[in-house]
Amino acid sequence: MKNFGRKITRRDFLKSAAMGTALTLAGRPVFSNAKEEYDLVVISGDPAAATRKALEVIGGISRFVKKGQRVVLKPNMSFPKSPEVGCNTHPLVVATVAQACMEAGAQQVLVLDNTLNNPELCLERSGIRNACQSIKGVYVIAVKDRKFFREIKVPQGKILESVEVIKETLDTPVLISLPVAKSHSATGVSLGLKGLMGLIWDRESFHSKYNINQAIADLATVIKPQLTLLDATRALVTGGPGGPGEVQKPNLVIAGMDPVAVDSYGVTVAPWYGQNFKGRQVEHLLVAHQRGLGKIDLDQLRIFKGKT
Amino acid sequence: MRIFVQASSLLLFTALFYLATYKLPDWLPADVYLRLDPLLGLTAILAGKEIIGRTLWSLMIVGTTLVIGRFFCGYVCPMGVVIDFSHSLIWGRQKISPLKNETIFRKTKYFLLFAFLIAALAGISLSYFMDPLPLLTRFYTFVLYPLAITLINFFLDLMRPIFHALGWIGLSHRHYSQPVYYMAIVTFLILAAIITLSRLTPRFWCRYLCPLGALLSFISPLGLWKRRVSQECNECLKCQKACPMGAVEENPKRTHLAECIQCRTCAEVCPQEAITFPASFAATKASGHPTSAKGGEYSAIDFSRRGFFYSAAGGLTLAFLADRTPFTPLKGRYQLIRPPGALPETDFLQTCIRCGECMKSCITNTLQPCFWESGLAGFWTPKMDLRFAPCEQNCNVCGKVCPTQAIRSLPLEEKTNAKVGTAVLRKEMCLVWAQDKLCLICDEICPYNAIVFRTVEGYRRPFVIASRCNGCGFCEQRCPIQGDSAIIVVPSGEIRLKEGSYIKEAQKLQLEFKPDPGDDKFILEESGFKVNGGKKEGEKILPQEKTLAPKPKGFL
Chain V
1 MKNFGRKITR RDFLKSAAMG TALTLAGRPV FSNAKEEYDL VVISGDPAAA
51 TRKALEVIGG ISRFVKKGQR VVLKPNMSFP KSPEVGCNTH PLVVATVAQA
101 CMEAGAQQVL VLDNTLNNPE LCLERSGIRN ACQSIKGVYV IAVKDRKFFR
151 EIKVPQGKIL ESVEVIKETL DTPVLISLPV AKSHSATGVS LGLKGLMGLI
201 WDRESFHSKY NINQAIADLA TVIKPQLTLL DATRALVTGG PGGPGEVQKP
251 NLVIAGMDPV AVDSYGVTVA PWYGQNFKGR QVEHLLVAHQ RGLGKIDLDQ
301 LRIFKGKT
Chain H
1 MRIFVQASSL LLFTALFYLA TYKLPDWLPA DVYLRLDPLL GLTAILAGKE
51 IIGRTLWSLM IVGTTLVIGR FFCGYVCPMG VVIDFSHSLI WGRQKISPLK
101 NETIFRKTKY FLLFAFLIAA LAGISLSYFM DPLPLLTRFY TFVLYPLAIT
151 LINFFLDLMR PIFHALGWIG LSHRHYSQPV YYMAIVTFLI LAAIITLSRL
201 TPRFWCRYLC PLGALLSFIS PLGLWKRRVS QECNECLKCQ KACPMGAVEE
251 NPKRTHLAEC IQCRTCAEVC PQEAITFPAS FAATKASGHP TSAKGGEYSA
301 IDFSRRGFFY SAAGGLTLAF LADRTPFTPL KGRYQLIRPP GALPETDFLQ
351 TCIRCGECMK SCITNTLQPC FWESGLAGFW TPKMDLRFAP CEQNCNVCGK
401 VCPTQAIRSL PLEEKTNAKV GTAVLRKEMC LVWAQDKLCL ICDEICPYNA
451 IVFRTVEGYR RPFVIASRCN GCGFCEQRCP IQGDSAIIVV PSGEIRLKEG
501 SYIKEAQKLQ LEFKPDPGDD KFILEESGFK VNGGKKEGEK ILPQEKTLAP
551 KPKGFL
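Those sequence lines, one after another, are chains V and H. Just so you know, the first sequence maps onto residues 1 to 308 in my numbering. Just so you know, the second sequence maps onto residues 1 to 556 in my numbering.
Since the hints were derived computationally from the structure, they do not count as laboratory data. The beta-carbon is built from N, C-alpha and C at its ideal position, and this holds for glycine as well. Please note that the accuracy of each hint is not assured.
[Stated by the list, open to error] Chain H is nowhere near these chain V residues, computed Cβ spacing over 12 Å in every case:
1) 66
2) 80
3) 103
4) 144
5) 151
6) 159
7) 278
8) 283
9) 291
10) 292
11) 295
12) 299
13) 301
[Said to hold, decoys possible] A partial selection of chain H residues facing chain V, derived with a Cβ cut-off under 7 Å:
14) 165
15) 169
16) 553
[Said to hold, decoys possible] Here are the simulated distance ranges between beta carbons:
17) H:178 <-> V:49: 40 to 50 Å
18) V:82 <-> H:190: 36 to 46 Å
19) H:158 <-> V:158: 54 to 64 Å
20) H:335 <-> V:274: 32 to 42 Å
21) H:480 <-> V:158: 48 to 58 Å
22) H:11 <-> V:134: 31 to 41 Å
Same shape as in the complex, but just chain V (with noise of 0.2 Å):
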């Protein structure tokens, strides 16, 4: 803004006044200290020094996580592998985010996922249980009985009418998703949208009944996790969703508020079946981007870049 004062340009004019809309916006008192908002955070590093700065500069966990709130925090763990196959969110980015709940003053924060595999070797073999064993107030918990699930209206819903949700995650106010980058051999991707098919009990009808693309959608407009953080430390980019597979390592971690937006970068992270793609060609991100879910397009969004 080299002309700032003197003779203000349209453009100039514009920027500023976009960015003062922005921090209105964003001007919330509680993170009013933040010195400027990103759409997305993109960390590289380990998994859990990678996730820690992720939510610091997004504003703090206490931007979504307030003093005696549940919380509930959605990991892949569908599959009894070790985190080195990639299929599973690793366990140290759900401790850390685990832990990081807890500090903020969380009452209880239960890990919750409807494991494709058996439950108790899934706990036990993605790790996820035993990284969180230790803090206190955290349940690592895989709900395979119907009970366990209520029923919802999908009123926005294009094919779905109604879908039945994990109890937990709708009785709680904070839903943060922590989703692992890989390939899916019907979705192309499995990030953040697709993982939330972890939540519901009948996936089976999203496979062989409906257009899987659209149902996702269909689920992304009942569920919205007030944060994502999809863990691309590792990258299943063949044989998934289960593998194994060829895994890459992007060690990032990527971090916002907006899930079509975390995962169209995801998808940008890793080749997928040995091709470079885009979020807009994913056919189900694209959908959730048309329907208003979000933003796709990564030109359009503040990103910060950093490193551990």
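We have chain V; now place chain H onto it with these hints.
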């Protein structure tokens, strides 16, 4: 005192049963009660003509019985405890009335014992039918365990709102998956019959039928402690009426030593305090004649040579009937998938004691008891029901808990190589082959990349690579068609080794079961598929003829 020991024994038995599951620590012998059973060991060894390491634990029981007497039945045997406790629960202190012709009934157990031993010598193991330990373990596995889970879940459901209100997250989300088994009703009826028989006379089973008791009673008269009746005895016969085993004879001073289980009920009820159990070294003579040792008067087992021949003939008949059926020559040709590490079929049937521990411990519930699938000789033997559940890669607990090692205890890597069968695609049922539909679930779920896709008539179609398939059954279980699976595991190609390494054997046969990233580039070529079975557009769409880089499913 006795009740306390009995209760502890039953508790220990139950606890070990409960612990027999994934992930059983290596040091914990959860099957210890079954290992301690000398009859099981003896019949398995006789039938298989081979020493089985784990069964040598039973020498401990033999040794202690030689020293103490038949204490096992009165204090340790969990079946005895169940019979005693259920008796006092159902009928209270029932007046004991011995059966008429008791002596003949009493011999039944010896007949049974000899019949089982002779049948075992002939190569057919049948003692599991009536040995109390596998009998009770089976009841626990097929009846009590599923029932307990049902009740626990019911209770948890009832309490859930309370747990929830209290903020007890762990408890409010607790739920145990319900195990289910075939043969539950058969197993239940047998135990119910045993308990009901006690209505006729207490411990009917132990007195007249139990072959393990019979075996122990052969050596128990050598024990040190024996009942002795002093001159104070006024022949009131209270002891005779109270004895749960009917071990006190017409003349209350005399004892059926073989029947005495050292419970000392007689000493408790004696108004004259005339009964003691002093240690004495003098053994009884092994004849039907009464002997006296240090004032006690005893009679030994009344078992004639004729009785022996009869039971031997009975045993041989049983063995003949069980063995000479088409099942025997057909072994292995049936669609029966045995657990990984199971001995070769003949040895397996001779060694397996049908206790059901493997099926209890199975984490996926795929191990199920046979009924008639391989005849009388195969009752309750474990088979894998792979349409119902697969065999978990990371679990090897069935071999760990097998008391006779009919399923060998294998390290995980060995177990992975213990191929149980081979998946076979039934093209006429497969959605891809028969209907040109898009489906790749079997490939996706296969842990060893044993299923590959090749282009046939313009469509990518699944094939099984037999050398990579170890029969775990994930494909069979997950196949989305209704009813029978379009991909089933058959026993063909199974590796059953009596000894030696499965890894080496698999290498020799050029098999490789490796979690393999594999090649799923075919996803990139999926435009070769027509979803929903539309007509294909000629050969043009063959992948190799494409010019543009195709995109995986889900990408635009």
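Each hint tested on the structure:
no. : hint                        : verdict
1   : 66                          : holds (17 Å)
2   : 80                          : violated (6 Å)
3   : 103                         : holds (18 Å)
4   : 144                         : violated (7 Å)
5   : 151                         : holds (18 Å)
6   : 159                         : holds (16 Å)
7   : 278                         : violated (10 Å)
8   : 283                         : violated (5 Å)
9   : 291                         : holds (16 Å)
10  : 292                         : holds (19 Å)
11  : 295                         : holds (17 Å)
12  : 299                         : holds (19 Å)
13  : 301                         : holds (20 Å)
14  : 165                         : violated (12 Å)
15  : 169                         : holds (4 Å)
16  : 553                         : holds (6 Å)
17  : H:178 <-> V:49: 40 to 50 Å  : holds (43 Å)
18  : V:82 <-> H:190: 36 to 46 Å  : holds (44 Å)
19  : H:158 <-> V:158: 54 to 64 Å : violated (40 Å)
20  : H:335 <-> V:274: 32 to 42 Å : holds (41 Å)
21  : H:480 <-> V:158: 48 to 58 Å : violated (24 Å)
22  : H:11 <-> V:134: 31 to 41 Å  : holds (32 Å)
Going through the hint list in order, the structure does not satisfy hints 2, 4, 7, 8, 14, 19, 21.
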